[in-house]
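Line by line, the protein sequences give chains E and D.
Letter by letter, the first sequence follows residues 10 to 274 of our numbering.
Letter by letter, the second sequence follows residues 81 to 396 of our numbering.
Do not take every clue at face value.
What the hints assert, rightly or not - Think about it this way: if two alpha-carbon atoms lie no more than 25 Å apart in a straight line, the pair counts; the simulated SDA-like pairs of lysine to any residue are:
1. LYS209(E) <-> GLN240(E)
2. LYS177(E) <-> ARG391(D)
3. LYS388(D) <-> LYS213(E)
4. LYS177(E) <-> PRO261(D)
5. LYS189(E) <-> PRO261(D)
6. LYS388(D) <-> HIS261(E)
7. LYS220(D) <-> ILE91(D)
8. LYS209(E) <-> GLU256(E)
9. LYS189(E) <-> HIS394(D)
10. LYS213(E) <-> GLY267(D)
11. LYS388(D) <-> TYR139(E)
12. LYS388(D) <-> GLN172(E)
13. LYS388(D) <-> SER173(E)
14. LYS177(E) <-> MET393(D)
15. LYS388(D) <-> GLN240(E)
16. LYS388(D) <-> GLU256(E)
17. LYS177(E) <-> ARG246(D)
18. LYS388(D) <-> ASP153(E)
19. LYS388(D) <-> GLU154(E)
20. LYS388(D) <-> ALA150(E)
21. LYS388(D) <-> LEU147(E)
22. LYS388(D) <-> LYS209(E)
23. LYS189(E) <-> LEU262(D)
24. LYS388(D) <-> LYS189(E)
25. LYS177(E) <-> ILE91(D)
26. LYS388(D) <-> VAL141(E)
27. LYS388(D) <-> VAL130(E)
28. LYS388(D) <-> ILE155(E)
Stated by the list, open to error - Rough simulated footprint, nothing fancy, chain E against chain D, three-plus residues with beta-carbon under 8 Å:
29. 234-248
30. 275-289
31. 309-315
32. 378-392
Since the hints were derived computationally from the structure, they do not count as laboratory data.
Owing to the predicted nature of the structure, the values given are computational and were not obtained by experimental measurement.
Every residue, glycine too, gets a C-beta built ideally from N, C-alpha and C.
Residue-level listing of the chains:
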Amino acid sequence: MSDLQNSAPAARPEIRVEGAVKSFSGRVVVDVDELVLGDQPIEGLIGPNGAGKTTLMRMIMHSTPLDRGRISMHPDGPGGEEIVLSDLPTFAMAGRGLVKSNQVIMDFDRLTIWDSLLFAVAGARCERPYRVFAEHDLFDAHEDEIRGYLAYFGFTDPMGFAQSAGEKKLLDIVRCLLLKPRFLMLDEPTAGLPDELTEKVMDKIRELAAAGTAVVIVEHDLNVIWSLCDQVHFMAEGSVILRGTSEEIRAHKTVVEKYLGEGHV
Amino acid sequence: MNLNWLDAFLITGLFSVFMVIGLALLLHLQMGLARIANFGVVGFWGLGMYVYGVLYVQVDWPFDDPWRFLLSALAGVVAAGISGLLVGWLIADLDEDGVLLGTFGFATIVWILATTETALTKGALGLGGLQFPYRLGNAKQNEALWLLILIVVVALIMLYVWRVHRSPYGRLLVAVGGNEPLAQSLGKPAFRTKLGVFTVGAAGMGLLGVMYGVLERFLETSNLGVDLTLAAVVGLVVGGTARLWGPVVGVALTVGLFDIVIQSYIPLPKSWYGQAIPVLREMVFGAVLIGILLFRPLGILGDMRRDKLMRSMHGE
Ligand SMILES: Nc1ncnc2c1ncn2[C@@H]1O[C@H](COP(=O)(O)OP(=O)(O)OP(=O)(O)O)[C@@H](O)[C@H]1O
Ligand SMILES: [Mg+2]
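Using the sequences and the hints, build the whole thing.
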């Protein structure tokens, strides 16, 4: 850890999707021929409802198995070591720096906010069945970091349970941040959040990207996309059909027709 | 020591109450925290007991107790643990029905093996020749000491479970039980975690089986029926599957009340002992289980309270 922080940040990781296909009950939902994610610090992935954005991200995490194709990650940028993600189980992703937040709210119903965050930071070594006295070391090691996030986002009762959908959404994001991702995928991270919290989430994302993490965001709130992203991928009917800067994508005829509709600004 | 107050019946009764508390505590780790049902408790328990008994009796040991006992007992515990690993591996990714059938099926296999492998187990005739690993004055003193040792073992199991609730490991079990996909996406190996808790639990159940075999000194295949699993499950569910004290409260109120209070102190007709009481017991337990599931599905003590626990551990 400290080595990484002291030396110059390594090149941003990159994810490559090649010929990845997924269908549900005979209907092709994702069919991505060739896609590189991580070229730019923050990239957007947009497209109409049902375009396959969530499914594509789940395929990258291997929580949805591929019908065919290959997905790989170069943690130290193109040319470096290659990890074939589509051969790994989902639980192995976080350890390799790949983390994804969830579009639909996901939570542990019986864990408190603190529980949930301590769970995210706990390494496998302190979670062995015989390590029944490891709690205080874990808490001491991560207390400041967790308190920092709790104060930043202002949870109502962090020793208790997440109260609202918004808190659960934020909790999901904070868990991801605590994993110190090198490649972070966010599936509609600001959906349902008030403006002020949306801003805070966006600031964190910028901070993270500046420190060398590659970020990919799916969002329907296009203001978030236009203000954050250095590059945007446009997806429709299972395929990524366009790639460009925010300005290019915004003005593109196909995007206007298929997604933005006439008369957008 | 004067042990007049303690008759053989009471020793057996207390022994089975504490033993079922131990089983229910282990089941609490599996069912209450990790939410994997286990209807094969008696299988792991019985495997431990029979592996110990068969080795102790049938092997021509070059040395005597306590080594002969310790090695046989260790083999029983290890065998139960390995069977837990295998059964866990088969069922960990099945749905609830699959888990129920798989674990129940395993217990049935243990029963069939114990009944049919007569060369080793003496089958339905029963396997004699077991002994306490120590010799005190008389049988009652031996049994009383063994009861005491069991109580210590169960107390240690409870201490372990208490620590698990307060450790990152316990949190992992609760998380995997509560939302497996989310736990996986946070880098936690859910399958391995479930295997682990199944293995540890099964080994503990095997140990309790060994200890029961020592107390009885005679192994009968009739012990391998569904009664013991039912007792542990009913006790746990009545008390509350998610709570540390659930197994204690629940088993005391079911097995304790029925096997000790009702059978010892209530004048039931003599002719009932033998056939009628075990049947009556299972009917009562079954009815209690249904009643609790209908009216108080989380048991008497209710669901776990991680908020209270976290506050007590980390302040605020
Ligand atoms: N598990 C599943 N079983 C069947 N169909 C599915 C499944 N998951 C997704 N789909 C279908 O695949 C298509 C793409 O869904 P996906 O969630 O990937 O779209 P999306 O681009 O994320 O949409 P949104 O913007 O609404 O979140 C949809 O038509 C959806 O109904
Ligand atoms: Mg989606």
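- Under the criterion that the straight-line Cα-Cα distance not exceed 25 Å, is the pair LYS189(E), HIS394(D) satisfied? holds, 24 Å
- CA of LYS177(E) to CA of MET393(D), is that 25 Å or under? holds, 23 Å
- When you check the alpha-carbon spacing of LYS189(E) and LEU262(D), does it fall within 25 Å? holds, 17 Å
- Are LYS388(D) and GLU256(E) close enough, with their CA atoms no more than 25 Å apart? violated, 52 Å
- Message: Does LYS189(E) sit within 25 Å of LYS388(D), going by the straight-line distance between their CA atoms?
- Response: This hinted pair is violated, its Cα atoms lying about 29 Å apart.
- Is LYS388(D) close enough to GLN240(E), meaning Cα to Cα at most 25 Å? Status violated; Cα separation ~46 Å.
- With a cut-off of 25 Å on the C-alpha distance, tell me whether LYS388(D) and TYR139(E) pass. holds, 24 Å
- Message: Checking one constraint from the list: CA of LYS177(E) to CA of ILE91(D), max 25 Å. Satisfied?
- Response: At roughly 52 Å apart (the allowed maximum being 25 Å), ILE91(D) and LYS177(E) break the hint.
- Message: Tell me if the straight-line CA distance from LYS388(D) to GLU154(E) falls inside 25 Å.
- Response: holds, 22 Å
- Item | Pair hint LYS388(D) and SER173(E), alpha-carbon separation not exceeding 25 Å | Roughly 20 Å between the alpha carbons, so the hint for LYS388(D) and SER173(E) holds.
- Message: Can you confirm whether the C-alpha distance between LYS388(D) and VAL141(E) stays at or below 25 Å?
- Response: holds, 19 Å
- Message: With the threshold set at 25 Å, check whether the alpha-carbon distance from LYS189(E) to PRO261(D) stays at or below it.
- Response: This hinted pair holds, its Cα atoms lying about 19 Å apart.
The structure fails hints 3, 6, 15, 16, 22, 24, 25, 31 (numbered hints given earlier, in ascending order).
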